[in-house]
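Peer 1: One-letter residues, chain by chain:
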Amino acid sequence: MACHTVFIISNEAAIRDVLVELVVAAGLHAVTLSSLKACLEALRSESHCCLVLDGGIDDKLEPDRQVNFASVCSKIPVLVLTERGDIPTAVHAIRQGALDVIQKPLQHESILERIKSVVAANIIC
Amino acid sequence: MSNTPEQTVFIIDDDEAVRDSIKELLESVGLQAECYDSALAFLNNLEPERPGCIVLDVRMAEMSGLVLQSKLNDLGFTTPVIVITGHGDVPMAVQAMKNGAVDFIQKPYREQFLLDSINSALEQDAATRHLSTVEYSLDQHLAELTKREKEVLTHMQAGRTAKEIARALSISPRTAEAHRRNLLHKLGISSAKELILHLTPQKERNQDS
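Chains L and C are the protein sequences, given in the same order.
Quick note: the first sequence uses my numbering, first residue 1, plus one each step.
Quick note: the second sequence uses my numbering, first residue 126, plus one each step.
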């Protein structure tokens, strides 16, 4: 069975809204979550295809959140959004197991393509 | 300090001033460094058996650092690579990290930042090389086991006790225990727990190939 749920985490309402709109327009199901911890819990009950995570993975953050990030990455493909040119965050994200890093400001077309290709690659879960 | 003395930091950069400054920095903390002025110069003198790590510049004439990184991957080269660049962007960092770089550092960097990264790469290389030595010597010792000992070993890997092994092979528990002791001794391993630790990943890798 195909999994259609895209989890979305962002502190910015504008980014959440854009992502939800894109995901829904693509015929997928969008679920916004408040934290990585909430994502770990949601993973237990919901079928899912990927997480789009905006920020909150700086390597200077508290250890708990680091553990949660690595743990989420091991369970679901994660697309991390970063500020343009934020190389340290990109390096950290990939090292912890993120699938890809996408720079802001968001290009609607390209982020949608990226989500679709993740969905296509994870059709069975 | 877990860095063994013979570890070398291989610096690959076409800018002589950069090469010299990194080499000087490393030597100031007692690390051995070797410089190459191009990707090809390094490829032409490839010595995979030499432990250490690579500090690699991205933008170089003829062959870029990232192309060299892919070539080294294709060759099965496991020495950790730290990528350094003055003209990096996020996609380039993602590519280098996905290709297995241990770090991607942008110039200008703080010297301590580079040193920390190099030290952790050297530790990683030492650990990888230690593991493959242990597995290599295990491989050799495995060939020395008798047929019966190999049977006992298979049961041990399945987590069976001496008593259970004895029953399975229709031998006395004392004999099974003796086989168990002998084979551990031959493999140079102190306990069944350690045996499983060493042999399990190897088995999984063999299945992959």
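FYI, nobody ran anything at the bench for these hints, they're computed from the structure.
Yeah, the Cβ is synthetic: ideal placement off N, Cα and C, and Gly gets one too.
Where hints are given, some of them may not hold.
[To be verified] Capping the alpha-carbon separation at 20 Å, the derived lysine to aspartate or glutamate pairs in DMTMM-like fashion look like this: (1) C:Lys223 with L:Asp17; (2) C:Lys288 with C:Glu274; (3) L:Lys104 with C:Glu260; (4) C:Lys232 with L:Glu41; (5) C:Lys232 with L:Asp17; (6) C:Lys318 with C:Glu260.
[What the hints assert, rightly or not] To be clear about the criterion: a stretch of chain L counts as covered by chain C if any three or more of its residues have a C-beta under 8 Å from a C-beta of chain C, and this derived list gives those stretches: (7) 16-26; (8) 32-42.
Peer 1: Now tell me if each hint is right for this structure.
Peer 2: Now the hints, each set against the structure:
1. C:Lys223 with L:Asp17: It is violated: about 30 Å lies between the C-alpha atoms, which goes past 20 Å.
2. C:Lys288 with C:Glu274: holds (15 Å)
3. L:Lys104 with C:Glu260: Roughly 46 Å separates the two Cα atoms, so the pair is violated.
4. C:Lys232 with L:Glu41: Given that 20 Å is the threshold and the Cα spacing comes to 40 Å, the pair is violated.
5. C:Lys232 with L:Asp17: Given pair Lys232 of chain C, Asp17 of chain L is violated - Cα atoms ~36 Å apart, limit 20 Å.
6. C:Lys318 with C:Glu260: Holds: Lys318 of chain C and Glu260 of chain C sit about 16 Å apart, inside 20 Å.
7. 16-26: violated (count 0)
8. 32-42: It is violated: at least three residues are needed, and the segment 32-42 of chain L offers just 0 whose Cβ sits closer than 8 Å to chain C.
Hint compliance for this structure: hints 1, 3, 4, 5, 7 and 8 are broken, all remaining hints hold.
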